[in-house]
Amino acid sequence: MIRARRGSVTRVTRLPSGALEAEVVCEGRNSVAICYPDLTGPVAPGDWVILNTNAVQLELGTGGYHFVMWVEGREGLGEVGGPGHIIKARYTPFQVCCLAAEEEDSEYHEALREFKSIRDMPVVACELHSMVAPVVAGIKETAGNEARIAYIMTDGGALPAAFSRLVQDLRDKALIDTVITCGHAFGGDLESINVYSALCVAKECAKADAVVVAMGPGQAGTGTRYGFSGIEQGIAMNATYSLGGIPILAPRISFSDFRGRHLGVSHHTITVLKEVVLADCIVVLPEIPVDKWRFVRSQLNGEGLTGRHVVVTEDGMSAVKRLQRDAIDVTTMGRTVLEDPEFFLAPGAAGVFAGKLVMEMKTCV
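If you read the sequence shown in this note's numbering, its first letter stands for residue 43, the second for the next number, and so on.
Be aware that a few hints might be false.
[Stated by the list, open to error] Here are the simulated distance ranges between beta carbons:
#, residue 1, residue 2, range
1, 155, 88, 46 to 54 Å
2, 334, 366, 16 to 24 Å
3, 88, 186, 47 to 55 Å
[Said to hold, decoys possible] Keeping only pairs whose Cα atoms sit at most 25 Å apart, straight-line, the calculated SDA-like set for lysine to any residue is:
#, residue 1, residue 2
4, 316, 265
5, 363, 335
6, 316, 260
7, 215, 381
8, 249, 208
9, 404, 343
10, 398, 298
11, 398, 376
12, 334, 286
13, 404, 334
14, 398, 216
15, 363, 340
16, 363, 322
17, 363, 377
18, 249, 197
19, 249, 59
20, 158, 320
21, 158, 324
22, 249, 145
23, 363, 347
24, 316, 376
25, 249, 150
26, 249, 334
27, 249, 332
28, 158, 322
Derived by calculation from the structure, the hints in this document are not laboratory data.
Cβ coordinates follow ideal geometry from the N, Cα and C atoms, glycine included.
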């Protein structure tokens, strides 16, 4: 059920992504609400709004905001505008109309209709949104700023691309060249139906040299073997292999997470590699203190994964330094790079490895 409540807007700030952050008074308390003006129209101080208060009521972390559902007095003003006939968030009260790159009205339709292969393009799949930053930093730092990177944002987390402040920061610093929103995620430079076609869009339409696939901010987890949204990481690896790309998995590694199931290599990564990925992929471990590296390697060995997948080690520090140099602040579960270095070094190393492949391909052309 949607817990809808009425609130009044007292202050509005426009975020770099185009979303609005509104201070509201709701149920006698001062709160923060996110407004997507492309969906509801803008809000201004003095407006009365209808808010979805579920997240705040449940005391969620990443998504712990109210969300503006409607601005009172705007009834009858909204119209469907622009091209496109693909509906995302289908058959819900919040369905939105998009122009998918694949559909008939798109300028890319004919090229995608005949498209067959992404031709050895490196694709790095991540479990969490925060991993995107070190991956793209690693690619750019290794392959050079001219390397074109597409970020495919899946619908495992936030659906609107505008919710991600991190992606806007990465775009501002030219670490991401194109954002493709797939599935029910929306608001990217290009829209796509699913992760398979999104990879085709990245290659054919965005002219990407490398791709990173990850959900938007926020994810669902239950502590069970299969009940976590990050299981889609394996699906992205399967799609990459099927389309002729090079599947590279960024493992979730931490020695700072207090939960035992995420110590070293997370049980999420183990599950994806053991039970979801159907073909060989490249698993990139970071250069970390030898005792920690051996512990991670023993976890993979114990699950029989080192014989099934290609496991390599790269130095991810250049990616972390690039983020620091570009003043991009990224955290995981509230922990910074200094507090949880292995978490960020792992996707950074995957980005470095992908960057080396980009360089090799450019040399061969």
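Against the structure, the hints come out as follows:
1. 155 - 88: 46 to 54 Å: holds (50 Å)
2. 334 - 366: 16 to 24 Å: holds (21 Å)
3. 88 - 186: 47 to 55 Å: Roughly 50 Å apart at Cβ, these two residues keep to the hinted range, so it holds.
4. 316 - 265: With a Cα-Cα distance of about 17 Å, the restraint between residue 316 and residue 265 holds, given a limit of 25 Å.
5. 363 - 335: holds (21 Å)
6. 316 - 260: Holds, because 24 Å separates the two Cα atoms, which is no more than 25 Å.
7. 215 - 381: Status holds; Cα separation ~24 Å.
8. 249 - 208: OK: residue 249 and residue 208 at ~23 Å, within 25 Å.
9. 404 - 343: violated (34 Å)
10. 398 - 298: With Cα atoms ~29 Å apart, residue 398 and residue 298 exceed 25 Å; violated.
11. 398 - 376: Roughly 31 Å separates the two Cα atoms, so the pair is violated.
12. 334 - 286: violated (34 Å)
13. 404 - 334: Not satisfied, since the Cα-Cα distance of roughly 35 Å exceeds 25 Å.
14. 398 - 216: Satisfied, since the Cα-Cα distance of roughly 19 Å is no more than 25 Å.
15. 363 - 340: Not satisfied, since the Cα-Cα distance of roughly 28 Å exceeds 25 Å.
16. 363 - 322: Answer violated: residue 363 to residue 322 is near 31 Å, above 25 Å.
17. 363 - 377: holds (17 Å)
18. 249 - 197: holds (23 Å)
19. 249 - 59: Between residue 249 and residue 59 the Cα gap is close to 23 Å, so the pair holds against 25 Å.
20. 158 - 320: holds (20 Å)
21. 158 - 324: holds (22 Å)
22. 249 - 145: This hinted pair holds, its Cα atoms lying about 19 Å apart.
23. 363 - 347: violated (30 Å)
24. 316 - 376: violated (29 Å)
25. 249 - 150: holds (12 Å)
26. 249 - 334: violated (38 Å)
27. 249 - 332: Violated: residue 249 and residue 332 sit about 39 Å apart, past 25 Å.
28. 158 - 322: holds (20 Å)
Hints 9, 10, 11, 12, 13, 15, 16, 23, 24, 26 and 27 from the earlier list are contradicted by this structure; the remaining hints agree with it.
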